[in-house]
Structure formats: structure tokens, C-alpha cells
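With the hints as a guide, bring the two chains together.
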Amino acid sequence: MREVDLTAVRPYADHLGDGLVQMSFTLPVPYSLAARKAALELAGRMGFEEPEVVHYEQLTDGYTYFVMYGRCVQSVDFEALQGEGFDIEYMSEDEIERFAEEHLHRKVVVVGASTGSDTHSVGIDAMLNLKGYHGHHGLEGYRSFETHNLGSQVPNSVLLAKAIEVGADAILVSQTVTQQNLHVHNLTELVEMVEAEGRRGDMILACGGPRVSNELAKELGYDAGFSKGTEPQHLATFIVRELAARVASSG
Amino acid sequence: MLSELTAPYRRLALVGLAKNTGKTVALATLLRELESEGRRVGVTSVGRDGEEHDVIDARIEKPSIQLSGGSLVATTDGLLRASGIPHELLEQTDVRTPLGRVLIARLRGPGAIEVAGPSAAEQVRTVSDAMLAHGAEQVLIDGAIDRRAASSPDVADGLVISTGAVLDTEIAEVVQMTSNAVELVRLPRAKEGAEALALNPRFPLTAEGEQIAELLDANPDARRLLVAGALPDRFLRALAHLTHCRRREIVLVVADPTKVFLGKRGPFWFAHQGVRLEAVHPIELAAITVNPVAPRSHTFDSRELRELLGQAIADVPIFDVLHPDYPGMRQPAARSASASDPA
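Residue numbers (our numbering), protein chains in the order written: chain A, 1 to 251; chain B, 252 to 594.
The shape of chain B in the complex, shown without the other chains (with noise of 0.2 Å):
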């Protein structure tokens, strides 16, 4: 189950691949078995979550967070009063968003809530220690949309990844973006105390090809570079027609997975080119959940999508959390049925 699986992590991100892929239904399913297991949970929201329809296509409905009573929450100070829940105020925090002003709660009672805390992975981080120090076991931070930076490992310890077939109308190609987001995330780590050559700041944001190739013509012995801050796809890919070109192998050192920006390709096709991509703090995915629906669109077979990710994919456990087969299932409408389960 997704409790037990990432169980190890205090602070935990959830991260969607693109909208719609499931990510609060993993959240929701995840805050059920931790009531069920008596654990205090902490939940923040980069983006909002467990609002009634979804903010793009209204047309789509979203899942709702349940909490428990105890549970510790940050959000704006307008839906925690929204939620109705009664509720202790821990603290005021500065940070502002578009939605008010960010507050840290325990709640007294049960109830649905609409999460929206900080967006700045720093302050994801704060809100989340402030959490743990409050009392919570275990923070959940969710993503939005498709952002990342909250699972640097300076915010989360651990991961978990929602995809589906919202990415693709083939399914084939779902399987190929998932697999190439995971070998990102699963960067391997840099060797300690290799000679690396540390790119000047911006350069990989903003150079051509042609001041590419003469770094690499000045400096003919250098294999490793090291990259402060964000790796675009265009500096990989003029980097890798350059590698491949010259028959060299480079590699390209970052800080964590979140500071890559890939294209449609993924890191098993740059190393092909001759640049390999390596990480000095790797990221613990701890599992993987899968959402076989397209809203409004395309659904594939659950079972025949997990499979084929995990034959992509090796040594991540995979679950579709509404599907039979997943083992926290305990009735297959689990998600409508809440009259008969007292809190």
C-alpha cells in the first residue's frame, strides 16, 4: 500500500506528470490509510487542491481532501474559514499568495478542505518543517499541474509520481514520457571529488551552439560539468549534436533532478548522444500511481498500462488506487462511501 511504501518519509511530495493524472486521488487514498493507521498527518498544496472543478476545463470534477480531526494543514486564511471546520491556529505565516495569506492549523474536527499553502519551494519547506515540529508524523506536500521543485531533495525526502493517459492518446507514449521522467528522477548520484569543470552562471540558460562548441574546443581534457542552476533542453540537445558529432562522451553534473528540463527526450537517449546526466542529490521515488482515464477523452486498460510501465520501468512499485487490484482496496467504491464508515 502507498502508507506502508512510503512510510520512511517524513517530509513526502506528490508530483503529477500533467494535469489531470491523479495526483490528488493518490493524495486522498494516501490520507485515508494513514486515518485508518492512527498517523498525524501535516498536508500542504503547491498548487490548490480538493477544489470542486478543475481550473482549466470546469467541465472536470476533482476529488475532495478529507481530513481527519488532529490532522495539521496549511492553507489561506479564506478556505480554511470557507472549510467550516472547527480548527486551532498555530501560526501566521508572511507568505503571501494570489489565493491570501497562508496559515498553519491543527483541525479539531474531521471535514473536506480546500489546500492551497506556499508555491515557493523554500517555503514549502518551512511550512512543512513547521508542520513536523508542530506535531505532524508525516507531511504530504502536493504538486500542481506538473511542477516539481517542491520534490528537490532541499524540500522532500521521498516521492511519489502520478501519469496517465493524459499524456498521450498512445499508449506507447505515455509509457515513454513516464519512463523518461522516472530515469530523471532516478539520476545517478555524482562520484564525490571528480574533477569537474564548473560552467560559468546562465551560460547553460542562454548559449548557442557555437559558444558551446568553444568551451568544449578550450578546455579538450574536461569530461565533467558542473551546472549551478537549471539545465534547459536546448543546452542538452546543442550539447548532445556537438558530443555526438565529435565522438565525445560529457557529463553533465546537477545539483538534483528538479533543475533538468527536459524536451520530449529522456536521459537514456542523451546519453546515446554521448551526455550522460548525474545528480549530486538524487531524489527516493517511492512509488508510482497511475491514472488510466483522460477526462473527456481516452481511457486504456488499467492492468495493460501498469504492465507496460513496469516493464519500462524496474524497481518502482505501480498502482492504480481505484483499480480491484490495488491492495488498500477494500470495496471497489471506496471513494463514495462515507456514510458507513464513521469517523
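Looking at chain A on its own, in the form it has when it is part of the complex (with noise of 0.2 Å):
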């Protein structure tokens, strides 16, 4: 087996280092021959090398659809960038019930809510329902966690009253960044105040969304953050490692 060149990773899909991608877009022009040489051109000017329309339908009145290959002759450095954060090697279900009483001997508490004006609730549900996601249970379903879901809308400070009053090990919160600076108070003004109340030492804050990056975390104040793809097993491994380490180094 050919090795992977870790200082020069680029996407991959029938031979090692073959650079092809599949894209789709849609362009607003009407279906058509011209259209199609859009689409070429338009990837040419991505930068990707032997573009291909593998397929093109009409979507609507003026409005086209494509999927595309194209070959990306970009490389990243992967090897520049591990070390860089957690690696983490997520526990099952199960393993984590077993780390939780071996390290913890308590119930850990979760306090949950999507903050401010974001009315999306699926990520929250997702990570703290039972029913969960992708055929995982959410944190409700186990037997190590006690968990509080607010909901969506909910103020920072309601948040955090109830993260004190149950006292909560962790918060988790769900917000949908964009580029208005709106989200991004929303997220910071949360850390500020659990710092107000002199609570930032026992909590752990972790963030969720669909931008939320572990770079974009770390500015923010969390000590950890979520993207798309995180299964609830993801964050509970995460609570109680993080949990565990605390207990330990506080002596």
C-alpha cells in the first residue's frame, strides 16, 4: 500500500494524491450548452484542473444545477497541523457509564439551552434528548448524567441562575455563528458572566453550531466547541475526560 504524504494531504477518490473533487452548484442561467460552459469556466476559475459536468438538469426557469469533478492540485500540510488541540479517541456509550463511576463516583450535571434570540433547538435536542442523533442516545439517556434542557431563546442569565442553582458542571450552549457580530456577543457575553458570578473555574462551557470551530472557541472563552457531526457520545467523552482532569490536578 502506497503511503500518505502527511505534509502535502489532498482529497482523494480513486488513487492516493489524485486531487478529485465532486461539487455541486447552481448557477441563475437557463438551462442550456451555454450554461454548461459556465459551469467549466467558472471551476477553471476555482482553480480546479480538468473540470468535468458529470450531470446538469434544469431546476427551475432560468436556474441550472450542476455536479461537477474537478481535480484540486492544492495540498495541505497536515502534518503542521496535529498537536494543534485535542486529539481525542472518543469512548462508547458504555465506556464512558464506566469511566464516569470509576473517575467521577457522581451524577454529572448538564444544563443546556440555544441563548439569546436563535430559535433553532435541533442541536441542543440532538446532544441532550434521549432520543438523540445518527442512532445515539443524547446525554438524557445515560445513566451518568442528570441533564436540563431550557430550550431555545433563552437568556444568559436565566441560563446560568439555572446552571448555579442545579449545580451545574457543565454548560452547553447551541448558537448559529454568522458573520453579524449579534451571535457572537451572545456567545462571549455567557463566559463573561459566568466569570461575573466567580463561576468560571467550576464549569465547564462548551459551545455548539454549525461555524463553531475549536479556533473560534478558544476566542470566544469556551473550552471546547462543537461543529456539524458531533455525536452526543463526542460531548459526554468530552465532559467527563475534562471533568476527570480538574478532579485530578485540584488535588
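If you are wondering where the hints come from, they were derived from the structure by calculation, not from laboratory data. Please note that the accuracy of each hint is not assured.
Here are the simulated lysine-lysine pairs, DSSO-like style, with alpha carbons at most 30 Å apart [claimed, not checked]: (1) A:K131 <-> A:K228; (2) A:K131 <-> A:K162; (3) A:K107 <-> A:K162; (4) A:K107 <-> A:K228; (5) B:K515 <-> A:K162; (6) B:K442 <-> A:K228.
Take a look at the structure:
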């Protein structure tokens, strides 16, 4: 088997390093041969070599939908990126329950909400509610967790008051971060309120949303950020490990 | 110059009123000035600094952080390694961040580095003191986005605020918002020994108008209320509505300005409604920097912005560190010139 060159990683389709990318997009032009040509030219300008339209169809009058292949000639140095942040090996639900029993000897209390004006509760429901996500229980279904899901449009002060009231180990907030400052402000305000209440040392703060990365989480002041594709056991793994580490370092 | 004005503060916090207000440019300017004065600095960031691109809008390029040899820095193991700067490891802290564990190191040579230290205020204080103990003459604590906790007197001795066009498309709004933020930072010091009614913990977080009204009725002579923790805008507005209707005056005493969370209205407006704010520990504001440019949006005239801010805010020097007016500005293109400047 060919060895992967981790200093120059590029997309993979048929064989290593071929750089093949599949993409889809819509152009606001009528379904025609000219439309196909426009898509090819656009893909070329995106930097793709040998662009190819494998499927295109009319979406509605004046709009054409494309599926394309293209060869990406760029690569990234994965080696240089490793060692940034947690390289977590996630535990399964059973492993988490056992880990919590062994290291924490009590229930882990988690309070979650979508804060501010955000009306999306899908993310927080997927993480906390029994139904869960992708065939995995939410934290509500774990013996070792006690969860409080406050729903959506919760003011930061109310979320924090609840967290203090129930003695939360972790607060989980969900926000759809956009380029507008509003959502970002909502996220930083919670961190600052936790600080103002003198509770920053007692609580793990995690945020989640479609655009949340670890880099963003760090700038916002959170202990971790969770993005698309996160399953409840990923979040649970982080919380129990971080709690155990805090217990250990506080002697 | 910034370095002169901030010299008295051993632990100096830099706080922006929003993203892209030029906080990192102010930090870079300060670092350059301190280097030319031969001062040994320590640097940490509650967020992440010196990254190439904005974390939310990747189209925005960010200034790099250049440190001189001998500087101390608190950043993560990965970022320290990635900088390629030779260094001496001084301390491995217990602080875990989403980007890795925080180390304290002394650089053996100059170079550009991404700085990501602890986020939590208490840990910021710990690493700042550690860098001072290891020989830093001054520690610069860079903020992130609009976070203020590290400017608390529990952490820092002095503050530089960065503001800019990014706050609003109307220059008058930018001036108003900045002046509100400055009023908050410079709340009057609470009178010592004055009688005050201590509010229950969490009451300011959850109380609705009705409960606040009950409290006022139950304590008709209370003039001063003591807030132990956070004071959110919701509570302030509900209280102001009551004091305004009842023509009553209430003083709210907070531990320091970072405990107060304001919305649109500033301390001056609340005072008009009958609610005055006081802080047990005020913050020392050393200077304000302005960025007249809102990336990928609009630009104000730098002089006009500084003049309007100066009319609204008394007794604080206001700088645009990239403008030829700035005293520390030797040449307009100082940011890109480094080849002619042997370290």
C-alpha cells in the first residue's frame, strides 16, 4: 500500500493524491449548453484542473443545477496541524458510563440551551434529549448524566442562574454563528457572566453550532467547540474526561 | 505614545469593543515601542492572536505578533512549536484550552508567533504573575472579540480600549457606543462604609419587574443595593422602569465594571432614570485606540472620529496608531517595513 504523504495532503477519489473533488452548485442562468460552459469556466477559475460536468439539469426557469468533478492541485501540510488541540479518542456510551463511575463517583450535571434570539433548538436537542442523534442516545439517556434542556431563546442570565441552581458541571450552548456580531456577542456574554459570578473555575463551557471550531471556541472563551457531525458521545467523552482532569489537578 | 501612557501598569489589559476594532494592531504597536525602549515584556491572550485570517470571516487578514528575543510568552505547546522560534521552557501550566495546553516560555530569538494563553480570568492572572516572576517588566494581556473579564482589577492594573468603525455604519452611533463603554469602565468608586442592602445571589440574574418592585416596597428606605456577581441589562432596565415611575433614586454597587452587562443604554442614561452605578474597584483606563476602517464595509475619517470621541469622552488620550498623527509613527508604512529595521 502506498504511504500517505502527510505534509502534502489532497483529496482522494480513485487513488492517493489524485485530488479529485465532487461539487455541486446552482447558477442563475437558463438550462443550456452555454450554462454548461459557464460552469466549466467557473470551476477553472476556482483553480480546478480538468473540470468536468457529470450532471446538470434545470432547477426551475432560468436556473441550472450542476454536479461536477475537478482536480484540486492544492495541498495542505497536515503534519504541521497535528498537535493543535485535543486529539480525542471518543468513548462509546458504555465506556463513558464506566469511566464516570470510576473517576467521578457522582452524576454529571449538564445544562443546555440555545441562547439569545436563536430559535434553533435542533442541536441542543440532539445532544441532550433521549432521542439523540444518528442512532446515539442524547446525554439524558446516560445513567451518569443529569440533564436540563432549557430550550431556545433563553437569556444568558437565566441559563446561568439555572446552572448555578442545579450545580451544573457543564453548560452547553448552541448558537448559529454568522458574520454578524450579534451571535458572537451572545456567546462571549455568557462566558463573561460566568466569570462575573465567580464560577468560571467550576463549570465546563462548551458551545456548538454549524460554524463553531476549536479556534472560534478559544477566542470566545469556551473550553471546547462542537460543530456539525458531533454525536452525543463525543460531547460526553469531552465532559467526563475534562471533569476527571480537573478533579485530578485540584488534588 | 502608548508605551509611555501604559508604563505604570505592570499588568495591562487590551480590550476591544468588538471584533476588528484594531486591538491586535494596538498590541503590535505597543510591542514595537517597548522593544525599542528595551523593555522586557510578557504576552498572553485570552483568545488567539497573530493568526493569519479572521476566525469568522476568513477574508479578513490579521496582523502578526512580532516578539523580540528575551520576551516571555504564554501560549499553547502546538503554537509555540509552530512558530519555530528557539525558546526556553519555563513552566508547563495546568491550563487546557481548545487549542492545547498552555506553556510559559522565554524566547531566545525574535520572531512571529501566535499567542493563545488561558481564557479564564483567574488563570490569566496566574500566568501574568508567573511571567512577572520570571523577569518580565510588563505583561500585556490581549483580549478577544468583545471579552472584558481580563480587564477586571482582579487581573489587570490598567486598560487600553480599542474601538472602531466596525461598531456601526453611523459615526454618531460609534461615538455613543464607545462613550457608553468608557463610562462603564470609569464608574465612580463606591463610597466606603455607606449602608447598602445586599441582594441575594442570583436575584439580579433572574428577577422580573414584579419581584424587583416587591423588594423596593419591602425596603422603602434602601438607597444602595449591593450586587455580588453579574448585573445584567434585563435587571437594570426593569429596575430603571420602577425608579423612573416612582421617582426614586437607587445606587447599585458592583464589585467592578466587568460585572455589568449593558445593552444599548449606558450608565448616563440609567442615572437619568434614577439608577446610578458605582464600583468598589474601578478600572484605570490608560488610552483608547480607534480603527476608522470596518473591514469589507465602510471607513470613517480618522481625525473626525477621534475629534468626536474626544468631545464625548474627557481625559483619555485617543489614538489611531496607524495614522501619521500618531506620535509613535515614524513612517506611514511602519507595519510592513521590517527589512530595513535590523532586530
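Here is how each hint holds up against the structure:
no., hint, result
1, A:K131 <-> A:K228, "holds (18 Å)"
2, A:K131 <-> A:K162, "holds (23 Å)"
3, A:K107 <-> A:K162, "holds (17 Å)"
4, A:K107 <-> A:K228, "holds (27 Å)"
5, B:K515 <-> A:K162, "holds (25 Å)"
6, B:K442 <-> A:K228, "violated (51 Å)"
Hint check: a violation occurs at hint 6 only; the rest are consistent with the structure.
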